[in-house]
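Top line first, the protein sequences correspond to chains S and H. Just so we're on the same page, my numbering is the position in the first sequence counted from 1, plus 22. Just so we're on the same page, my numbering is the position in the second sequence counted from 1, plus 2.
It is possible that part of the hints are untrue.
[Unchecked claim] Here are the in silico distance ranges between beta carbons for each label pair:
1) S:Pro105 - H:Pro242: 46 to 56 Å
2) H:Glu119 - S:Val104: 25 to 35 Å
3) S:Glu358 - H:Glu202: 45 to 55 Å
4) H:Glu27 - S:His363: 28 to 38 Å
5) H:Glu27 - S:Glu353: 12 to 22 Å
6) H:Thr150 - S:Asp339: 34 to 44 Å
7) H:Leu271 - S:Glu299: 24 to 34 Å
8) H:Glu119 - S:Pro105: 41 to 51 Å
9) S:Arg366 - H:Pro231: 31 to 41 Å
10) H:Thr150 - S:Ala361: 40 to 50 Å
11) H:Gly56 - S:Ala373: 37 to 47 Å
For the record, the hints were derived by calculation from the structure and aren't laboratory data. Every residue gets a Cβ at the ideal spot worked out from N, C-alpha and C, and that includes glycine.
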Amino acid sequence: MKLLEYEAKEVFSKYGIPVPKGVLIRAPEEIAAHLPEIGDALVLKAQVDVGGRGKAGGVLFADGATAVETARDLFSRDIRGVPVGSVLVEEKLAIEHEYYVSIAVDRSSRQPVILFADAGGVDIESAALADESAVRRVIVSPLLHDIPPFLMRELLGDAPKELAPAINRLYHVFREKDAMLAEINPLVTTPRGVYAADAKLIIDDNALARQGIAVNRDLSEREREAEKHGFSYVELGGSIGVIGNGAGLTMSTLDLIEFYHGRAANFLDVGGGADQERVMHAVKLVASMPGVNVIVVNLLGGITRCDEVAKGIIAADVPPKVIVRMAGTNEEEGRELLAEHGYRMLGSMDAAIRAAMEVSA
Amino acid sequence: MIYADKSVGVIVQNITGRQGRFHTELMNDYAREVGGRGVVAGAAPGKGGQEVHGVPVYNTVREALREHDATASVIFVPAMAAADAVMEAAHAGIELAVVITEHIPVHDTMKAVAYAELHDCTVIGPNSPGLLSPGECKLGIMPAHLATRGGVGVISRSGTLTYEVVDELTRAGIGQSTIVGIGGDPVIGQTFVDALAEFEDDPWTEAVVIIGEVGGNLEEEGIRSTDLPVVAYIAGVSAPPEKRMGHAGAIIEGGEGDARSKIRRISALDVLVASRPSEIPELIRGVL
């Protein structure tokens with residue numbers, strides 16, 4: 023789950039990474055009360071989960087005289103389709119130099135990777151693509167609590183040593199907050215020292231509970247409802263509903279629909295060992311989406327029992343036509359049950375999707 | 003065949019849980035069928051002295067290994083304790099840990115894999131269906147009846163999609179040497195590179211099917227690293243960017259991991275990429 027900038031900065035600050043003086047406001051008029059503490063040179067930053075926020079008009083500068091008006095302007099904007107619900111008002115830093123630092127999970131080495139660039143800022147990605155040497159990278163053993171000094175020297179090169187404490191603390195944040203990504207862009211030097219001018223933090227969805235986060239904001243309400251039943255669920259907007267078991271097989275089912283020029287309505291992975299109850303909920307959930315006129319159920323495997331699946335489909339009894347492809351334990355019993363109730367069960371993925379295409383057309 | 007054979011002694015961690023119990027029985031059914039040793043002991047804290055389908059249970063892996071000759075462990079421990087279970091196994095001298103558990107926090111996996119490496123323990127998974135060498139051994143949850151012995155290796159990040167592909171191969175009369183599910187998480191122990199290196203040293207294996215997904219570039223790294231004939235299939239071409247499709251590992255990352263660009267890069271290495279699972283047998287025949 024992605025944290026917003028102000029939330030990430032709260033975390034960074036707790037870990038001793040200096041952040042600019044700032045306050046979160048939810049209405050333009052609130053800004054006036056905070057001017058005495060923040061000062062006269064201001065940056066107003068829309069708290070929206072949008073990449074390229076600055077370029078999309080989500081960051082504005084102001085002084086005491088223009089603060090309220092600028093805040094009104096920002097709250098009225100739409101940043102790449104996302105309305106502005108809150109604004110972080112910060113002191114404008116006297117920036118000497120901008121650097122880039124991020125810590126992420128490196129799949130190849132299976133260890134944390136730290137990236138650092140001497141030229142941070144909004145164009146870091148294009149700069150990194152244009153010149154690979156612009157970004158230095160080091161791998162740190164996940165068994166270490168700190169970045170060892172020799173790796174820090176390698177990472178910083180000729181950049182000032184005073185950046186090191188902030189980067190090491192960012193590594194602490196990354197480790198202790200179960201982060202998939204912890205990023206400061208830019209990390210800046212000022213006459214008053216080093217600051218994290220921006221902050222990005224993505225928490226591992228599998229660790230939300232132990233991080234004390236009860237609700238995953240990145241999911242829609244229906245997706246959360248699906249999660250309660252143990253489903254992975256994404257809405258895609260087409261007319262062919264899809265229910266599968268296992269992420270790979272379900273994805274492959276979607277791909278096959280596209281291969282036959284159809285449009286899938288959703289992705290729904292019922293998970294391992296689905297019983298009658300769960301299958302029924304899955305079928306009902308998919309059937310409740312507007313525009314779905316046929317549902318493909320594609321289930322395979324050892325734990326899932328085909329007779330249970332058949333009972334779930336029959337119990338759901340939904341208006342869209344349900345076409346079933348399944349193989350595994352109690353396959354024959356499942357087939358007989360479905361046939362008795364007038365459902366079609368087909369032997370292969372290809373056949374099931376071709377049949378669904380005919381209904382959908 | 004790779005990683006293990008008939009002679010391997012297996013322990014199951016959290017053998018007293020629902021999944022551990024169920025699959026211990028299936029693994030031992032398979033071992034009896036092929037004349038292997040199967041699951042010789044189980045471990046579950048506080049459950050020492052019990053039996054599961056005739057298999058003795060111990061409180062710790064170390065105690066189990068004191069009484070039984072085993073080198074592999076299949077781990078069904080719940081997500082928040084699974085990394086600890088991997089480290090316990092490695093510490094006790096287990097050489098091959100197969101982690102079935104899904105939803106393990108990625109920081110836990112990184113630590114467990116690094117710790118296992120210090121103890122020369124090979125980790126398969128997490129979020130893996132395990133491995134199956136038809137006629138030899140089964141470590142994990144793959145349905146054995148779909149597979150048949152032969153010369154094609156299968157490496158996959160998925161569970162049920164693997165069964166689909168194995169079913170297609172078997173129906174087409176193409177047998178498998180070892181089917182290994184390396185797991186769908188962003189961080190996994192054995193990668194395509196590692197599994198392909200094992201297959202290269204395996205006299206049984208003539209060609210390999212790689213089943214990948216959106217996310218990362220491990221498939222491509224693996225293909226670059228091997229001289230074996232390879233056929234690939236990548237799931238997720240229809241996945242919209244930035245949408246989760248069930249696996250943490252299946253999040254599309256900034257262009258590098260999306261299925262179409264992955265397929266393009268693999269095709270550029272002169273490797274055939276199937277556009278759907280049912281095409282795989284025909285393509286693999288072409289490289290055998």
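Against the structure, the hints:
1. S:Pro105 - H:Pro242: 46 to 56 Å: 22 Å, violated
2. H:Glu119 - S:Val104: 25 to 35 Å: Given a distance of about 43 Å, which is not inside 25 to 35 Å, the answer is violated.
3. S:Glu358 - H:Glu202: 45 to 55 Å: For Glu202 of chain H against Glu358 of chain S, whose Cβ atoms are near 47 Å apart, the range 45 to 55 Å holds.
4. H:Glu27 - S:His363: 28 to 38 Å: The hinted range 28 to 38 Å holds for Glu27 of chain H and His363 of chain S, with Cβ atoms some 32 Å apart.
5. H:Glu27 - S:Glu353: 12 to 22 Å: 20 Å, holds
6. H:Thr150 - S:Asp339: 34 to 44 Å: With a Cβ separation near 39 Å, Thr150 of chain H and Asp339 of chain S satisfy 34 to 44 Å, so the hint holds.
7. H:Leu271 - S:Glu299: 24 to 34 Å: At roughly 46 Å between Cβ atoms, Glu299 of chain S and Leu271 of chain H fall outside 24 to 34 Å, so the hint is violated.
8. H:Glu119 - S:Pro105: 41 to 51 Å: 48 Å, holds
9. S:Arg366 - H:Pro231: 31 to 41 Å: 38 Å, holds
10. H:Thr150 - S:Ala361: 40 to 50 Å: The hinted range 40 to 50 Å is violated for Thr150 of chain H and Ala361 of chain S, with Cβ atoms some 29 Å apart.
11. H:Gly56 - S:Ala373: 37 to 47 Å: Cβ of Gly56 of chain H to Cβ of Ala373 of chain S: about 42 Å, so the range 37 to 47 Å holds.
Comparing the model with each numbered hint stated earlier shows that hints 1, 2, 7, 10 do not hold.
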